[in-house]
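Given next are the chains, with one letter for each unit.
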Amino acid sequence: MALSFMEGNEAVARGAISAGCSFFAGYPITPASTIFSNMLTMLPPNGGICIQGEDEIASMGYCIGASMAGRKVLTATSGPGISLYSEQISFAIGSEIPMVIVDVQRLGPSTGSATRGADGDIQFLRWSNTGGLPVVVLAPKDALDCYTLTIHAFNFAEELRCPVFIASNKEIGMTRESVDLDSVELPPIVERKYSEIGKDEINHKYLPFEADKDSVPDFLPIGCKTLVRQTSSTHGADGYITIDPNVIAQSQERLINKILNAEERLTLYEENHRQGADTLVISYGVTSRAVEDACEMLSKKGKAVSTLTLKTLFPIPQKLIREKSEQYQRIVVIEMNMGQYVENITRLLPTKKIVFYGQMNGVLITPAKIMEVIQNG
Amino acid sequence: MDSFLNTKRPPVFCPGCTHERITKAVDAALVKLNLEADKTVLVSDIGCSGLFDTFFNTHALHGLHGRALTYAAGIKLANPDLNVIVTMGDGGLGIGGAHVLAACRKNLDLTLIILNNFNFGMTGGQYSVTTPSDAVVGSEFLNQAEIPIDICEIAKSGGATWINRCSGHDSSLPDILCEAIKHKGFSIVETLGLCTGRYTKRNQLTPKVIDEMIERLPNYSGIVEKNQRPEYGEQYRNLANQQKNFPELFKVDKIFDLKDMKRQEIVILGSAGMRIVTAGDMVCYAAISAGFNASMKNDYNITVLRGQSVSELILSPEKIGYAGIESPTVVIALSDEGVQRRIKLFSKLEPSTFLLKEKSVSIPETSATVVEIDFKEYQIKKQDWALASLGFIAGKNQGITMEMLDFALKSRFKPAVYESAIEIVKKLATITM
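First to last, the protein sequences are chains A and B.
If you read the first sequence in this note's numbering, its first letter stands for residue 3, the second for the next number, and so on.
If you read the second sequence in this note's numbering, its first letter stands for residue -8, the second for the next number, and so on.
I should point out that these hints are in silico values taken from the structure, not numbers from a laboratory.
One or more hints might be untrue.
To be verified - Here are a few chain B residues that face chain A, going by a calculated C-beta distance under 8 Å:
#1 T45
#2 H50
#3 A51
#4 H53
#5 Y62
#6 A64
#7 I66
#8 A89
#9 A231
#10 I293
Unchecked claim - In the DMTMM-like style, the derived pairs of lysine to aspartate or glutamate whose C-alpha atoms are separated by at most 25 Å in a straight line are:
#11 B:K242 <-> A:D184
#12 A:K305 <-> B:E309
#13 B:K30 <-> B:E170
Said to hold, decoys possible - Restraint ranges, calculated between C-beta atoms of paired labels, are given here:
#14 A:G134 <-> B:I293: 31 to 41 Å
#15 A:S112 <-> B:K335: 27 to 37 Å
#16 A:P190 <-> B:E239: 20 to 30 Å
#17 B:Q219 <-> A:P47: 23 to 33 Å
#18 B:P342 <-> A:K303: 22 to 32 Å
#19 B:F237 <-> A:A4: 11 to 21 Å
#20 A:A4 <-> B:K253: 20 to 30 Å
#21 B:R297 <-> A:V365: 47 to 57 Å
#22 A:D216 <-> B:L133: 47 to 57 Å
#23 A:L188 <-> B:L133: 53 to 63 Å
#24 B:N236 <-> A:D184: 38 to 48 Å
#25 A:D214 <-> B:P1: 44 to 54 Å
In this text, a Cβ means the ideal position worked out from N, Cα and C, and glycines have one as well.
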């Protein structure tokens, strides 16, 4: 077994390259900057393009333009950058522009602490778009996840024509660790589905947003033989502004259902079921590593506790959470914020006893603290 | 092609609006240049100028207020074969100012047509960045307290290579647009026009007055000599093509067999400039060469060469979960500010913890086994203390061995750097305390 040694941010960049990403635009911000610097060493030798935007808004604009020209695009920032991205995020969601957006979260609110971690942007990522349409958010727990989830993120983005978020954390992005990238089984790489006719010959019938119920429109890039329209305005299948309430309603419904109906396919997770356990600890991100340590220690002490690590946070893996919780009396939820995801779990499991612990003080939650919560909560 | 105009979607401007003339001028220019529709993209943003993308049978992208240039740049970089034309009003010019400046500096081959009609037409005639101070607009007195910008002057100082200012009623506008589109680099055409729906209702602005304004303003009629330079896309591709070496994944096989593989938690407490992170890196590579998993968490200020630098390392035969340090096996104390950063650590240390401390560094009371070394006595420079300490702990087989460390240095450093590094490492490797 040969190991490499890298931080989560480098693993994201390597994942992007493996997924076929050929365009990156970003603006420097700690703790996400090393995704940019890694892409800058990896894209040019591969014939890709890597650009520093004049600000975060521009970086997203470059990505939108490049994605519409047919590229697989990546951008990376931290919470303050997501604030600035948000107008373009709304555009990308509403107008079905594929891209992967990494948020290497740092302690907020506002400029907060550049070099302190947190999972404080979870609901922000979910609701950062005007209109409140559903999004896909994946949460890595270590460098290896940064690699594999980035590949999944590109696949989901291309398949569903939407932005996909990776909710990383300073504690993953800037922590170096040994990884065996060869050990993981990678999903087959998904390419954007093009309209069968139209790329190299004119397809007069092509409508850029025509799609079956709850599905994804076929893509054609700006610059191909058939003329393509893209717009941030409320549009019909033809890409022109519409005020027809039926057309608008159908389009909104499709944008919602194409994501929500894919829930099961998008659900990524890890579980550790321990015989005889009456408690399930649900967590995500870097916190889940301390949770696993805590449960391992408890297990050695003779108290079995099971764990469920969510790698897909949105769309909420409702079926998974319900199924995996079924046999447990008590659910413990641990988050590196003041409680952003726990309400989803409470809503899904109204009959269970839910114990919550959240901490957002710039340091990792320790296994000792988690053991205390499990034992006393 | 006779016309690129989309007959199904004729212009919808207020009667007398200059935008309609400009629409026709753009069409005339496209026809004159004989551009291919499928190689041409119109990019627009918000406001009346944002309607332009719908009037033409070309590719089109309509986006957010002021951001048109950002989409255009993404499209052009991704597909350099396309003719990318951007329309923007004086509103977009204000809110997207940073993008206009960036486009001027970059000189990417885009054409920006500014439709300056001196106010926000669509939202009620509020003042914009080009509204004269004495104009009567929909923002009460606010414009009286400010002055308008001259975008051509700004663009010139920003590095634009081609600038033209003209009236939207100028009969030679199609020719001007042709020249702008043909220019290899970033070109700006600032058209001055009438907003008949709002502005001219309360201000004496006519085509004649616009001509007089243009007479008074600095003249811009195309090439800006002092800014001439290669186009950005070509420059970028030339430079990027020289980057040949993809940073291949560096993998370390297990080559050393340690009899007694125990989890190690190592904390290096130092200051910026002491190459603490490099030392931490070396320890981890050394450990990986013996089949350990490794993790490294660093704590340093975002300013450089000042403040603490702390590296926390875990070396473990098992998979590493929680990456914080709970019970260090080795602590290396090399600076007071490093020690201060983890001051609470010392009271929790056990006698089994091996603590190496530089003579000048003060540490609080601790039960750890403390070894003190006067690095100056061994003529080791401060920036080498961390590396030298590794030699000391490797010499004592604390977590890593000399051969593991030697392997790490050899595989990570260039030969010349390795030679000097191994010399530093050896200085303390054979000391017996």
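Do the hints match the structure? See the list:
Hint on T45 (chain B) holds. Least Cβ distance to chain A is approximately 6 Å, under the 8 Å limit. A hinted interface residue such as H50 (chain B) counts as satisfied when its beta carbon comes closer than 8 Å to some beta carbon of chain A; here the least separation is about 5 Å, so the hint holds. Checking A51 (chain B) against chain A by beta carbon gives a least distance of about 5 Å; that is within 8 Å, so the hint holds. Evaluation of the H53 (chain B) hint against chain A yields a held restraint, the C-beta minimum of about 4 Å falling below 8 Å.
For the restraint placing Y62 (chain B) at the interface with chain A, the shortest Cβ-Cβ distance is roughly 4 Å, inside the 8 Å limit, so the hint holds. A distance limit of 8 Å between C-beta atoms decides the matter here; for A64 (chain B) the minimum to chain A is near 6 Å, and the interface restraint holds. Interface hint status for I66 (chain B): upheld, as the beta-carbon distance to the closest one in chain A is roughly 4 Å, under 8 Å. The interface hint given for A89 (chain B) holds, since its Cβ lies 5 Å from the closest Cβ of chain A, which is under the 8 Å cut-off.
About 4 Å separates the beta-carbon of A231 (chain B) from the nearest beta-carbon of chain A, less than 8 Å, and the hint is met. Residue-level restraint check for I293 (chain B) holds (minimum Cβ-Cβ distance to chain A is 5 Å; threshold 8 Å). This hinted pair checks out: K242 (chain B) and D184 (chain A) have alpha carbons roughly 10 Å apart, not beyond 25 Å. Between K305 (chain A) and E309 (chain B) the alpha-carbon distance is near 21 Å, which keeps this suggested pair within the 25 Å criterion.
Among the hinted pairs, K30 (chain B) with E170 (chain B) is consistent with the structure: their alpha-carbon atoms are about 18 Å apart, no more than 25 Å. For the hinted restraint 31 to 41 Å between G134 (chain A) and I293 (chain B), the CB-CB distance of approximately 35 Å keeps it satisfied. Taking 27 to 37 Å as the suggested C-beta distance range, the pair S112 (chain A) and K335 (chain B) conforms, at roughly 28 Å. Evaluation of the 20 to 30 Å hint for P190 (chain A) and E239 (chain B) yields a pass: the beta carbon distance comes to about 23 Å.
Under the hint 23 to 33 Å, the C-beta atoms of Q219 (chain B) and P47 (chain A), about 31 Å apart, fit the expected range. The given range of 22 to 32 Å is respected by P342 (chain B) and K303 (chain A), whose C-beta atoms sit roughly 25 Å from each other. Range check, F237 (chain B) to A4 (chain A): about 18 Å between beta-carbon atoms, so the 11 to 21 Å window is met. Separated by about 23 Å at the C-beta atoms, A4 (chain A) and K253 (chain B) satisfy the suggested range of 20 to 30 Å.
Checked against the hint of 47 to 57 Å, the C-beta distance between R297 (chain B) and V365 (chain A) comes to roughly 23 Å, which is inconsistent with it. Taking 47 to 57 Å as the suggested C-beta distance range, the pair D216 (chain A) and L133 (chain B) conforms, at roughly 48 Å. Taking 53 to 63 Å as the suggested C-beta distance range, the pair L188 (chain A) and L133 (chain B) conforms, at roughly 57 Å. Distance hint check for N236 (chain B) and D184 (chain A): the Cβ-Cβ separation is about 21 Å, which falls outside the suggested range of 38 to 48 Å.
With their beta carbons about 33 Å apart, D214 (chain A) and P1 (chain B) fall outside the hinted range of 44 to 54 Å.
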